[in-house]
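Peer 1: Sequence:
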Amino acid sequence: METLTSLLTAIPITIGGIFITWMGWRGGQGKLERNALMGVRNPTTLQSDAAWEAAHRAVAKPTMIGGIGAAISGVVAGFLPGDINYIAVLVGVGWMLAWVTGSLGTATRAAEKAAAAEA
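Position 64 (the sequence shown) corresponds to 64 in UniProt numbering; numbering is contiguous.
If you are wondering where the hints come from, they were derived from the structure by calculation, not from laboratory data.
Any given hint could be a false lead.
To be verified - Derived DSSO-like pairs (lysine-lysine); straight-line CA-CA distance at most 30 Å: (1) Lys113 with Lys61; (2) Lys31 with Lys61; (3) Lys113 with Lys31.
What the hints assert, rightly or not - Restraint ranges, calculated between C-beta atoms of paired labels, are given here: (4) Ala117 with Leu97: 17 to 23 Å; (5) Asn35 with Glu118: 18 to 24 Å; (6) Ile87 with Leu37: 29 to 35 Å; (7) Lys61 with Pro81: 31 to 37 Å; (8) Leu8 with Arg41: 25 to 31 Å.
Here a beta-carbon is modelled for each residue, glycine too, at the ideal position from N, C-alpha and C.
Please work from the sequences and hints to get the whole structure.
Peer 2: Okay, here's the thing in structure tokens:
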């Protein structure tokens, strides 16, 4: 039962980390189009396609670092017993949130610069 619990906590964080990494990579390539579900979504980044693309190119690396860290913590958590498993997952989620939210200012500044260049 403990193995099942470990896997049920590890698999979602691993998949989430892979998804965040993929999203960061797509944004860095300029392939993450404005949408209603994912990406840095604030009034500045949503002003135009140029602002959106500039923001996501600017935060591609921190987003991918956050996602990779979360995915790694998920894999590690899958091999850990009980409460230690939860600690690994929390560390991974904290890592991801720190990198992703820590880069929001960078995204906004890049979007503002792109919007000003368009005007």
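Peer 1: What's the verdict on Lys113 and Lys61, does the C-alpha distance respect the 30 Å limit or exceed it?
Peer 2: Within the cut-off at roughly 19 Å; holds.
Peer 1: For a C-alpha distance cap of 30 Å, please report whether Lys31 and Lys61 respect it.
Peer 2: Given that 30 Å is the threshold and the Cα spacing comes to 15 Å, the pair holds.
Peer 1: Does the Cβ pair Asn35, Glu118 satisfy 18 to 24 Å?
Peer 2: holds, 20 Å
Peer 1: Looking only at beta-carbon atoms, does the pair Ile87, Leu37 fall within the given range of 29 to 35 Å?
Peer 2: Once the Cβ atoms are compared, 30 Å apart, the range 29 to 35 Å for Leu37 and Ile87 holds.
Peer 1: Between Leu8 and Arg41, does the C-beta distance stay in 25 to 31 Å?
Peer 2: Given range 25 to 31 Å: holds, Cβ gap about 30 Å.
Peer 1: Please test the hint of 31 to 37 Å on the beta carbon pair from Lys61 and Pro81.
Peer 2: holds, 34 Å
Peer 1: Would you check the hint for Lys113 and Lys31, treating anything up to 30 Å between C-alpha atoms as holding?
Peer 2: Since the Cα atoms of Lys113 and Lys31 sit roughly 20 Å apart, the hinted pair holds (cutoff 30 Å).
Peer 1: Could you check the hint for me, namely that Ala117 and Leu97 are 17 to 23 Å apart, CB to CB?
Peer 2: Distance hint for Ala117, Leu97 is violated at roughly 31 Å.
Checked against the numbered hints above, the structure violates only hint 4.
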